[in-house]
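J.: Spelled out, the chains give:
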Amino acid sequence: MGGNPIQFDYTFVVMIVSFLLLVWLLSSKAWGPLMKMMEERRSRIESMLAQAENERKQADQIKREYQEEMRKARQEAQEVIAKATKVSEARANEILAASHEEAEKIKKSALADIERERDRAISEVKAQVADLSVLVAEKIIRQKLDMKGQGKLIEQFIQEVGEMQ
Amino acid sequence: MIKEVHEELVLWHLGSMTFHAKTLVMTWMTMFLICVFCFMGVRHLTSGKPGKMQNVLEWIVDFVSNLVGDNMGLEKGRPILGYLLTLITFVFFSNMIGLIPNLTFNLFEHFHIEFAHLDKIFEEPVWSSPTADINITMALAILTICMVIGLGVKHKGLHYFHHFIEPFKVFSIIHIIDMLSKPMTLAFRLFGNIFAGEILIKVILMLPGKSVLGGIPPMVVWLAFSIFIGAIQSYVFTVLTTAYISQAVSSDH
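Taken in sequence, the protein lines are chains B and V.
FYI, in this note's numbering the residues of the first sequence are 196 to 360.
FYI, in this note's numbering the residues of the second sequence are -1 to 251.
In isolation and in its complexed conformation, chain B is listed as follows (with noise of 0.2 Å):
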């Protein structure tokens, strides 16, 4: 006894006992709770994780919609002006061309009445020169016709004229 450190006794018994009662007593007491805590808060975690991947994934398609419809009015948006642009262009063509056809049609009626008129004046002059000469005749008829007085005559005439005019 003493001196030597290594002594086999009863101790070694009542320590396995001991020890394996402190076993039991943790596992069921705190490792097994905490344990179960453990898992339970991994899965916790996990689902947390697929929810939050669900839910950008949803994210995401919303996005894409929201980009398609964007694209999609865009694309309207342009086709309705493009139409629009047509249609006025079209109109303002029509515009043109039926003032164009308006002056024409004024142009001619135009044409055609200055043409009258002309015609009516030639044909009143045409009379007129007619009437004058009937008178330069009877006038040279009266006055004897000598070489003398022709000068006076046809000045007279184109006197007679002009004044006409």
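I should point out that these hints are in silico values taken from the structure, not numbers from a laboratory.
One or more of the hints may lead you astray.
Claimed, not checked - Distance condition first, Cα-Cα at most 27 Å in a straight line; then the derived BS3-like pairs of lysine-lysine:
{"no.": "1", "chain 1": "B", "residue 1": "Lys347", "chain 2": "B", "residue 2": "Lys334"}
{"no.": "2", "chain 1": "B", "residue 1": "Lys231", "chain 2": "V", "residue 2": "Lys47"}
{"no.": "3", "chain 1": "V", "residue 1": "Lys74", "chain 2": "V", "residue 2": "Lys154"}
{"no.": "4", "chain 1": "V", "residue 1": "Lys50", "chain 2": "B", "residue 2": "Lys224"}
{"no.": "5", "chain 1": "V", "residue 1": "Lys152", "chain 2": "B", "residue 2": "Lys231"}
{"no.": "6", "chain 1": "V", "residue 1": "Lys200", "chain 2": "B", "residue 2": "Lys231"}
{"no.": "7", "chain 1": "V", "residue 1": "Lys180", "chain 2": "B", "residue 2": "Lys224"}
{"no.": "8", "chain 1": "V", "residue 1": "Lys180", "chain 2": "V", "residue 2": "Lys167"}
{"no.": "9", "chain 1": "V", "residue 1": "Lys200", "chain 2": "V", "residue 2": "Lys118"}
{"no.": "10", "chain 1": "B", "residue 1": "Lys231", "chain 2": "V", "residue 2": "Lys118"}
{"no.": "11", "chain 1": "V", "residue 1": "Lys152", "chain 2": "V", "residue 2": "Lys167"}
{"no.": "12", "chain 1": "V", "residue 1": "Lys74", "chain 2": "V", "residue 2": "Lys152"}
{"no.": "13", "chain 1": "V", "residue 1": "Lys152", "chain 2": "V", "residue 2": "Lys180"}
{"no.": "14", "chain 1": "B", "residue 1": "Lys224", "chain 2": "V", "residue 2": "Lys74"}
{"no.": "15", "chain 1": "V", "residue 1": "Lys47", "chain 2": "B", "residue 2": "Lys224"}
{"no.": "16", "chain 1": "B", "residue 1": "Lys267", "chain 2": "B", "residue 2": "Lys252"}
As the list claims (entries may be wrong) - To spell it out: a stretch of chain V is covered by chain B in this simulated footprint if at least three of its residues, at any positions, have a beta carbon under 8 Å from a beta carbon of chain B; those stretches are:
{"no.": "17", "segment": "12 to 18"}
{"no.": "18", "segment": "21 to 29"}
{"no.": "19", "segment": "40 to 46"}
{"no.": "20", "segment": "70 to 84"}
{"no.": "21", "segment": "133 to 139"}
Cβ atoms here follow ideal geometry from the backbone N, Cα and C, with glycine treated the same way.
Following the hints, complete the assembly by docking chain V onto the known chain B.
T.: Leaving out everything else, chain V in the frame of chain B:
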């Protein structure tokens, strides 16, 4: 030297049986401390945000679970997880309790409380580690080897004993020596480390007279080193237990 520092063992007698009183008292104190430690950790168990103590416990559980998972897979190792967790905490706390000064301040001796030799148990300046007693370490080692054989039989049936005569019958001698040396090395490694540590603490405390103050620096260094050794030894004991069991239960044997 050993004779000088290692005083007469305090023994309890029960019939013809003897018990190392100091070792057992220290063992139960250690177990009590572990229980307090663990119950503080699991008092407000939550799967949400864990408290500080719960965090510590979860760290230990994670540590041992990883150990078991690496060695034999968590599914096979789940039944022994509780044992291993208790083992590592017990060995660690045991190693640490031997470094704590005697906080009873010799009050038992002062008031002459001789019940169960408590006055003699607490007469030294520091507490002692249960693991500095070969009975304790051998008990743990024997439990380990019992689990090795028990789980081996549980997982493989009687086929487990077949590996003793592989590849030839002659090899059974080697296998039996192996089987016996496993608990021996486990027990003596832990015992030797911690016992030597305590002896050195006592030696430093025995520095005579004025040089006691000169003992402070070596004491600080040695206590720090002992904490390191204590942690390492508890880890080694658990790892080896895990390794032996995983050897026994692994199917590719």
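J.: Each hint should be assessed against the structure and marked as holding or not.
T.: Structure-based check of all given hints:
no.: 1; hint: Lys347(B) / Lys334(B); verdict: 12 Å, holds
no.: 2; hint: Lys231(B) / Lys47(V); verdict: 15 Å, holds
no.: 3; hint: Lys74(V) / Lys154(V); verdict: 13 Å, holds
no.: 4; hint: Lys50(V) / Lys224(B); verdict: 18 Å, holds
no.: 5; hint: Lys152(V) / Lys231(B); verdict: 25 Å, holds
no.: 6; hint: Lys200(V) / Lys231(B); verdict: 44 Å, violated
no.: 7; hint: Lys180(V) / Lys224(B); verdict: 31 Å, violated
no.: 8; hint: Lys180(V) / Lys167(V); verdict: 21 Å, holds
no.: 9; hint: Lys200(V) / Lys118(V); verdict: 16 Å, holds
no.: 10; hint: Lys231(B) / Lys118(V); verdict: 44 Å, violated
no.: 11; hint: Lys152(V) / Lys167(V); verdict: 23 Å, holds
no.: 12; hint: Lys74(V) / Lys152(V); verdict: 11 Å, holds
no.: 13; hint: Lys152(V) / Lys180(V); verdict: 20 Å, holds
no.: 14; hint: Lys224(B) / Lys74(V); verdict: 22 Å, holds
no.: 15; hint: Lys47(V) / Lys224(B); verdict: 20 Å, holds
no.: 16; hint: Lys267(B) / Lys252(B); verdict: 22 Å, holds
no.: 17; hint: 12 to 18; verdict: holds (count 5)
no.: 18; hint: 21 to 29; verdict: holds (count 5)
no.: 19; hint: 40 to 46; verdict: holds (count 5)
no.: 20; hint: 70 to 84; verdict: holds (count 5)
no.: 21; hint: 133 to 139; verdict: holds (count 5)
Violated hints, in rising order: 6, 7, 10; the structure is consistent with all others.
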